[in-house]
Amino acid sequence: MNPEEVEFLGEKQLISIIPTFNSSTIHLVSGDIGPFRASLPVNVPLWVAVNLKQQRKCKIQPPDWMDVEQLELLKEAEKASRNFVKMPSEHYMIEGKLLLSIATDDIARADEVRTIIKDIWDIRMAKLRSSVNTLITGKSYGNVDNLTIMEINSMRPLIPHAMDQIHRMKMERPRFSTPSQSTSLGLLNSSTVISTFK
Amino acid sequence: MYGESACSLVKELDRNRGTLPPYNNELIGEVEKEICHLIQQNVADDFKAHEDSNVGAGLDYTATIRTRHAIIQRNLRCLLAYHYNRLRCLRTMRWEFGSILPPDIKVNLSHAESNWFSKYSSMLATYMRSIGDDGGVNLTIDLNPPKALYIEVKCLVDYGQYELSDGSLVLLKESNRYFLPRAECEDLIRQGVFQHIIN
Amino acid sequence: MDTVENAEDVQSDESEYEEIAHTAAEVLELMEEAWLNEKFAPEILPHKYDIVECLLGQISHVEENLTNVGNDDLRRSLHQMELDRLRYLVSSYLRMRLEKIETYVYFILKQEEERSQKGEENYLNKNELEFAKAYMQSLDQHFTDRLHFWPGNIPTEWKNQLIIPNIHSFVFMKAKNEIEGVMVSHVNEEEEVVDLRTGSQILISYSNVGHFIKTNQSCLI
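Protein chains in written order, with our numbering: chain D, 106 to 303; chain S, 121 to 319; chain R, 172 to 392.
The set of hints was computed from the structure by calculation and includes no laboratory data. Treat the hints with care, since some could be wrong.
No more than 20 angstroms apart at the CA atoms, straight line, and that leaves these computed lysine to any residue pairs for SDA-like [claimed, not checked]:
| hint | chain 1 | residue 1 | chain 2 | residue 2 |
| --- | --- | --- | --- | --- |
| 1 | R | 281 | R | 238 |
| 2 | D | 117 | R | 361 |
| 3 | D | 223 | D | 233 |
| 4 | D | 164 | D | 108 |
| 5 | R | 297 | S | 255 |
| 6 | R | 219 | R | 238 |
| 7 | R | 219 | S | 272 |
| 8 | D | 162 | S | 190 |
| 9 | R | 210 | D | 264 |
| 10 | D | 223 | D | 183 |
| 11 | S | 131 | S | 145 |
| 12 | S | 226 | R | 309 |
| 13 | D | 191 | R | 370 |
| 14 | D | 275 | R | 361 |
| 15 | R | 297 | R | 315 |
| 16 | D | 117 | S | 263 |
| 17 | R | 219 | S | 249 |
| 18 | S | 267 | D | 206 |
| 19 | S | 239 | S | 222 |
| 20 | R | 345 | R | 368 |
| 21 | R | 281 | R | 248 |
| 22 | S | 153 | R | 315 |
| 23 | D | 202 | D | 108 |
| 24 | R | 210 | R | 266 |
| 25 | R | 304 | S | 245 |
| 26 | R | 297 | S | 250 |
| 27 | S | 274 | S | 312 |
| 28 | S | 239 | R | 312 |
| 29 | S | 239 | R | 266 |
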């Protein structure tokens, strides 16, 4: 998945805004939003929030977790745990990235928030890298509980591909001279021909 | 050396990934000639082998025939790979350029490839028309997840009044920032009136 | 403003028969899931044209209603943005299927025929099937024409050496409900049985879990 697609998925996350306008309920296909009353908080999908904010039609209410103290606790928990800690939002990186780019004025200590989110991401990524070894040498499957979509996506295509290749090599028996299961062995495919020429 | 021309065909593919160089008639002709030549030789040897075995003595042709057969198969494979991958490339171009190819690409196609392109083009159009019950869906657009309709731009010159497509007027002043619909900005960005501000 | 509200009422009236099964929002969620599954599954999955058509219906309704609204309307821009999102989702889903169909055309058509013979549901929708057949025929013709120079019988064995999807490739899967007894095949021909809790995520060979995707017990992520 490319980053735009991950963002696309994350943008449906609901977020609380304080509108500066009045409007009756809007019936979107993804669900009704509103009614909007100036200065009364209301939940809307992230993509709506971004749009309204850009048009200066609302203030963003940052999600509870987007707060320096909360994030510090989360960061410590992540450091202390061997496993991946469950994140407060399935799309914490997307929310962080989008809100911190368009609504810094609505987020308290935005720069610090940005740094801690980045720290948490880095800790999790380091953990991920060090667990890759157990993942690919041990069993024929790997647990990725509590990893968010964006984190899982950062493992692609390398990790699944590596597991795939290892699996293939292990499965290969001398008597199978005609490989039976491969995307690249069809007669019409040039890549195998090319690689034998190189 | 046998197999060399076929190998060059595939190397040509590899060198030109994603593009379509002129259809290589000359090289293909050589591969075909080689295949024909090898088949003829095999037929002849096969005939001789039969004659010899009738007499009861003679050479064993099996190894030679098998080797030639292997070369023929390899040549065939390269030939098909060359043609198949060019079709795949053409296919991608149908998605990029629509049903009419730019002339500089068109000249590089063989006659059969041009035919295939029209065929593909029309089967794709038929399929797209068949989706849903409202005249179909054009799948060659909406390629990327939509981004914000509005973008932030900085005005670089004192432009004055500008009329948006809904009829409303905006006064564009130098170094002011505006949030405007993306579609409205694109022309002015190209003209250098606006600078797109990316966070 | 009134026109939109009225039009929206009409929309919900007309789609009432679908609400028995799903609300529009639920359909959208199903489409997102189908999109992800199709994106990550190595093979083509059973088509979800019922969802596609339902969503396309929603799109046309909203489009019709929008023609009467002024440009400056906030509603309009939000509806417009949502339309873009819906259109992207549907087209992207259909495009991915088309790409798989083209890549594995010989293999897929062979499988579809076997399914028909066994009286099973086809994976391809009727129109996709027609496209697949036309596409295969065009390849056949292109290659056969090219091989006319061949002395004697034109070789056809290449048609049996298919490009087939690697169903052993590894995928990330999320269990939608509790799944007991996932068989994980190991290299030494041993099998391990794994139980999955609702919501647990696992990196695993598609061949071990493909049927859970098709039976809607889990989804790919």
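Satisfaction of hint between residue 249 (chain S) and residue 219 (chain R), Cα-Cα up to 20 angstroms: holds, 18 angstroms
Residue 275 (chain D) and residue 361 (chain R) were given as a pair; does the straight-line alpha-carbon distance stay at or below 20 angstroms? holds, 13 angstroms
Holds or violated: residue 274 (chain S) with residue 312 (chain S), Cα cutoff 20 angstroms? holds, 10 angstroms
Next pair to validate is residue 226 (chain S) with residue 309 (chain R); report whether the Cα-Cα distance is within 20 angstroms. Holds: residue 226 (chain S) and residue 309 (chain R) sit about 19 angstroms apart, inside 20 angstroms.
Compare the distance between the alpha carbons of residue 219 (chain R) and residue 272 (chain S) with 20 angstroms, and conclude whether the hinted pair is satisfied. The given pair, whose Cα atoms are some 39 angstroms apart, is violated under the 20 angstroms limit.
Holds or violated: residue 162 (chain D) to residue 190 (chain S), with C-alpha atoms at most 20 angstroms apart: violated, 72 angstroms
Does residue 250 (chain S) sit within 20 angstroms of residue 297 (chain R), going by the straight-line distance between their CA atoms? At roughly 10 angstroms apart (the allowed maximum being 20 angstroms), residue 250 (chain S) and residue 297 (chain R) satisfy the hint.
Quickly compare the C-alpha distance for residue 210 (chain R) and residue 266 (chain R) to 20 angstroms and report which way the hint goes. Roughly 10 angstroms between the alpha carbons, so the hint for residue 210 (chain R) and residue 266 (chain R) holds.
Does residue 183 (chain D) sit within 20 angstroms of residue 223 (chain D), going by the straight-line distance between their CA atoms? holds, 13 angstroms
Take the C-alpha atoms of residue 117 (chain D) and residue 263 (chain S), compute the straight-line distance between them, and say whether it is at most 20 angstroms. Holds: residue 117 (chain D) and residue 263 (chain S) sit about 19 angstroms apart, inside 20 angstroms.
Quickly compare the C-alpha distance for residue 297 (chain R) and residue 255 (chain S) to 20 angstroms and report which way the hint goes. holds, 16 angstroms
Satisfaction of hint between residue 368 (chain R) and residue 345 (chain R), Cα-Cα up to 20 angstroms: holds, 9 angstroms
Checked against the numbered hints listed earlier, the structure breaks hints 1, 2, 4, 6, 7, 8, 15, 21; every other hint is satisfied.
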